[in-house]
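Number of protein chains: 4
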Amino acid sequence: MSDEYLGPDLLARIRERAGRYDHDNDFFDEDLRDLVDAGYLAVHVPAGLGGGGASLRDLTRAQRSLAGAAPATALAVNMHHVWVAVANVVHARGEDFADEVLTGAAAGEIYAFGISEPGNDLMLFGSTSEADPDGEGGYRFSGTKIFTSLSPAWTRLGVFGTDASSPDAPKSVFAFLDREEVSADRVEILDDWDTLGQRASQSRTTILRRAHAPADRVIRRIDPGPSNDPLIFGIFACFEILLASVYTGIAERALTLAAEAAQRRTSRKNDGATLAADPDVRRRIASAGIRLDGVGQQIEALARDVDERADHGELWFPRLSALKWRATEVAREVVTASVQVAGGAAYRSEHELSRLYRDVLAGMFHPSSEDSAHAAMAGVLLGPLPR
Amino acid sequence: MSDEYLGPDLLARIRERAGRYDHDNDFFDEDLRDLVDAGYLAVHVPAGLGGGGASLRDLTRAQRSLAGAAPATALAVNMHHVWVAVANVVHARGEDFADEVLTGAAAGEIYAFGISEPGNDLMLFGSTSEADPDGEGGYRFSGTKIFTSLSPAWTRLGVFGTDASSPDAPKSVFAFLDREEVSADRVEILDDWDTLGQRASQSRTTILRRAHAPADRVIRRIDPGPSNDPLIFGIFACFEILLASVYTGIAERALTLAAEAAQRRTSRKNDGATLAADPDVRRRIASAGIRLDGVGQQIEALARDVDERADHGELWFPRLSALKWRATEVAREVVTASVQVAGGAAYRSEHELSRLYRDVLAGMFHPSSEDSAHAAMAGVLLGPLPR
Amino acid sequence: MSDEYLGPDLLARIRERAGRYDHDNDFFDEDLRDLVDAGYLAVHVPAGLGGGGASLRDLTRAQRSLAGAAPATALAVNMHHVWVAVANVVHARGEDFADEVLTGAAAGEIYAFGISEPGNDLMLFGSTSEADPDGEGGYRFSGTKIFTSLSPAWTRLGVFGTDASSPDAPKSVFAFLDREEVSADRVEILDDWDTLGQRASQSRTTILRRAHAPADRVIRRIDPGPSNDPLIFGIFACFEILLASVYTGIAERALTLAAEAAQRRTSRKNDGATLAADPDVRRRIASAGIRLDGVGQQIEALARDVDERADHGELWFPRLSALKWRATEVAREVVTASVQVAGGAAYRSEHELSRLYRDVLAGMFHPSSEDSAHAAMAGVLLGPLPR
Amino acid sequence: MSDEYLGPDLLARIRERAGRYDHDNDFFDEDLRDLVDAGYLAVHVPAGLGGGGASLRDLTRAQRSLAGAAPATALAVNMHHVWVAVANVVHARGEDFADEVLTGAAAGEIYAFGISEPGNDLMLFGSTSEADPDGEGGYRFSGTKIFTSLSPAWTRLGVFGTDASSPDAPKSVFAFLDREEVSADRVEILDDWDTLGQRASQSRTTILRRAHAPADRVIRRIDPGPSNDPLIFGIFACFEILLASVYTGIAERALTLAAEAAQRRTSRKNDGATLAADPDVRRRIASAGIRLDGVGQQIEALARDVDERADHGELWFPRLSALKWRATEVAREVVTASVQVAGGAAYRSEHELSRLYRDVLAGMFHPSSEDSAHAAMAGVLLGPLPR
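Residue numbers (this note's numbering), protein chains in the order written: chain H, 1 to 387; chain R, 1 to 387; chain V, 1 to 387; chain U, 1 to 387.
Any given hint might turn out to be false.
Repeated chains share a single entry, so a pair holds when one copy, or any two copies, can fit it.
Said to hold, decoys possible - Calculated lysine to aspartate or glutamate pairs in the DMTMM-like style (CA-CA distance at most 20 Å, straight line):
no., residue 1, residue 2
1, 269, 311
2, 269, 163
3, 269, 121
4, 269, 352
5, 269, 180
6, 269, 130
7, 269, 280
8, 171, 216
Simulated from the structure, these hints should not be mistaken for lab results.
Here chain H stands alone, though its shape is the one from the complex (with noise of 0.2 Å):
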């Protein structure tokens, strides 16, 4: 398993190094050192302005085969991914407004996503984070943000809070952080990461204490509430896609791992033959074969759709949220019937698979939620809720 931008040789020494990370509970340090010597933080950016020119389809791909190889790593490094996927999305539908993370992702910044706050399940539609106008353009944030990711080497923070306070008000305000606001004590990063799986994450909690971000670094201001903005349906659009990519990228290791498993375990009860000539077995892998490659279809096409810029219409948020959904749900179903087919080793501390269990569970708790994915659709089908 490789890929255009990840030679299998980066891939297996990302690899190895996984189950000591998650054993412990430590940052990712050597793998992003040699997937930021190996140009991958900038893969997505166009060759024009530096990068790699990889689509975001491409993309996709190198993000399952990395998850494949190390789920954290790729996790985490899928929050800086999604930061320059949004300012391609941005950029391609004719604004500039996001344009500095292209440059900067090119000139080494690394990317990390400050959006999630504890119980608002409001999401990308209302933070509880206040930004308060400094004057000049710029806004000085405070709130808490969860779930971190890179937490230990962002150079940059997206972030966004609630102004509240403009004659216009409340606005929606989105901008970046500097790293130096650490050490002005203005953002503050908790080591507080302590979790069943993905942990060489790191994806800790962040306090702002009127973290400054400057005009220059302000990108978007905008209505609260659910909007077509290009921001938000950027943000909507790359993360729900890499992330499904993650997920399944996580589950198609697992796969191979049970194809593997199968073809190594044999039966006393059939005479000594390999698993792999069991037909439950053989239906088992099957059917997660299949359903796998159905995700797979689907993160290809909408990947496709957001690279020609395919109108969708009011389904785009649905059909995100679904496959968002639909790719965690069936990369839980595919490990655990991977976990089936492997049987009691796999149960074991050390078999790659015990990690995988635990890894793949977290797909549940990113946005979209199931629940969010049903009432889209729903929105869609039948009208509004009436409330």
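Dock chains R, V and U against chain H, hints included.
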């Protein structure tokens, strides 16, 4: 619901007749005449050859619309379109042996599909019918074909049989029989179509008694068994994709009826609010919509891949058969969920949903079966089953 | 398939007639005569009162057998048995207000169920029919009842309506109407039963026009709304359990037909072996068998708990409604899987499985619905839904 | 959550320790001492023999409670209870060969289960361990046993091996080894238990090197292969039912935690209402509750049938293995749904649900597997698979 090729008026007329054809167990004569008049049977013939120039992807959309109006009409016409699509696939891959189907369809010929045989689960990989060489490059076919849709109307019947007598035997021989073979009593069409659903398709049993295809109607002669011959690939790809489209169209119609019912029915329990405000009903419809939407994306992706000659290697066959399986399965589930939303009224004989519930079941009987789809995927993931 | 109360000959005769009744949309007159002659309508009346003395658990088994022979006959007779079972429940809990049903059934009366009303999802908790006091303890009922199985044959119709005029109004009033009310034109039975399945049940619409129940036919007068009244518990428990039995019996029959088909059909792909040797077919049948067996255990357990007066507290209602839901859902899945095993032949109109496929769908329309079963369980686990 | 045999204080103490045992990968010494002190290990010994007199049904309830407090403790203690229950089954069927387990358990012996062997999917039907006759009616056992729960604490290890040398060989020999065999170096317990979950069970690998069971510790000597011997039936029945109970108890606990979380968590999207008011959350919890409740009814029914010596004929084996399969499957689904309700907090290492998610997975590795449960049912419905 309409599209480029089938206007709303035509679809409305066709929908209006569907219940009567079903009740009387009649063939859809008037529909067929209208479709011929609208040029629909040549819609997938290249424009250069006098056809409509629709891509396979375009055709899947039109067939979904048509199936939403009249499932049995769409299913039967599908068989004609499969042959045209096969001819396109073969032509696009640089061979001209099936070109006569393109010119024939442009000239008004109606093609039917005489492949299925009673109790023969080898399908395309080996016929139980006899193909006896006439010594001049033609063949005389003997055997029984089942599920011959369009029985009352075809002008060319595509058949295959096994040549067991030539020096290089066995060979699978594919050829087209002329309607004159019926008048000549070498082809007998039984009047035996009385089924739960898809009644208007009149997919009767066809008996071949040394039915003659002269040399210029024999299009292919290949080894039995799995094969990458462009004819086999073409039949497989076009049959599965177009069949998936028909059943998806049925389910889309059911979901539309369900949504309409939800907006009309009220609940005393909920103080007279419509069911469109009931969270359980919204969820049921959203779930159906999400599943259907996922299948739709897969149909579009694979149809486009056929149009663009994408290379899926050994995954082509499992992908195509899985698509057909998933589409017919999802269609059945969506129709059932739609019936549930519509309530007891949908159980009445005259209700469109009670007909769709009968029609949609047929999806499981067409090849590829659920089991062969899984066997194909297992073969790719685990290698062939040792015998 | 037979049991203590219904011999194999009787069941065979009933099975033989089922196709004809279905095709002609006729009521099951001859079946009913045979069942009456066999004492089957008094089978659940205590022996001391001249009945068969069968327990509710015994009755569920007999109804499964009967449903396996003729679903519509079993479904319609079920309604009579529900009333008898309710009377047993009430009697066993120390009240005699429903005893007349026991003596009536022993004396040859045939009871029907006039509860369901169009668009009324409150079900037992509030009638849209009017119950007007006659000043002597009796009532005159006006309103519309739907799905009145046994319409051509009942001698006593159990109804309920709302007394909105008495000083202590509103009250739900339960009473039995005599067949004479039909001749007196105060009860009209429409000839409007033309459905997808369960056709022989002739569950027609019944119009009440001040239909009179004298005081001695009024059995209960209670507050509308959820209630632990023994009548409400009895109707709920017996209706759900017996309905679950009918649909389980349908599915058991389907599975038997599937197993027979598997033992008869052969596969060319598998060198002529029967499908009973095909691992996928074995799995499909086993899976159906396991699901069905699980439902059977639940029917037995809950019927026994009613017989033994076990106390499930507030779990009684969710348990009973979940049983009915699961049973009808599993039945539908098992019939579908059986059709799949039997193959294309099962799609022909004259095949028993094509009838079972139509009959089994009705399960979802009887109360309790899937949604109310879930709402009941949510209420127990999370408390009532805040309004 | 408590019951007759395990008071709330005891369960609370046990629950409190569970996280620590899991984290430190320690055996549940203190729990075991408490349970012994409470008489819990003799609870299923007949009162007449000095035990608690609990029925198997009572025991399933107690084990569900215990598993809800500490899954690994319950799972390990389960193995002891299986032997006691087997002895009860055998005794109740008129044989006394296993009575020593009843008196032993009453006297404080702790029984462990040394049946599973690496790569041996024949399970009870044929051991890969050698049972060498000592000439005096005793045996010397050699081989490897895996998943020996209670490794640090058992005083009697039930094992089986194949006698391949006696004149009537081969025979399966069942016997109990004394703890002294460990000191005598004829039984070695590896320190190799480091798994994803069920960590406190310390189900280590056991190596037998001519471990000696004298004649009075050999309880049974039978032909290998499927068998209706009361010992085989007893092991099968008690193992499956009690295992089902443990995993059901885990899931019941998860659902309780989910319901608590739903009543605590609020939604900004829904104006601060708790998730207990969210229809999707209610449905998710109701669905979990309904599935779990169904399994509970099956456990009760089958345990009662064992207690009452009901005769299920050839359905006994598929019923029992299906129960175990369904219970562990439903448990896994319910835990996953509970995690989903509890949200991201449940993904933290210290959250009880993240431990239950790891523990519950083990259910699929115990016999009977999903596949053998289905094979057993297929065997009954279709006859044996032709070889």
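Hint check:
1. 269 / 311: Result: close neither inside a copy nor across copies, 55 Å intra and 28 Å inter.
2. 269 / 163: between (68 Å within a copy, 19 Å between copies)
3. 269 / 121: between (52 Å within a copy, 6 Å between copies)
4. 269 / 352: neither (27 Å within a copy, 38 Å between copies)
5. 269 / 180: Close neither inside one copy (64 Å) nor across copies (34 Å); limit 20 Å.
6. 269 / 130: between (65 Å within a copy, 18 Å between copies)
7. 269 / 280: Both: 13 Å inside a chain and 19 Å across chains, each within 20 Å.
8. 171 / 216: within (18 Å within a copy, 72 Å between copies)
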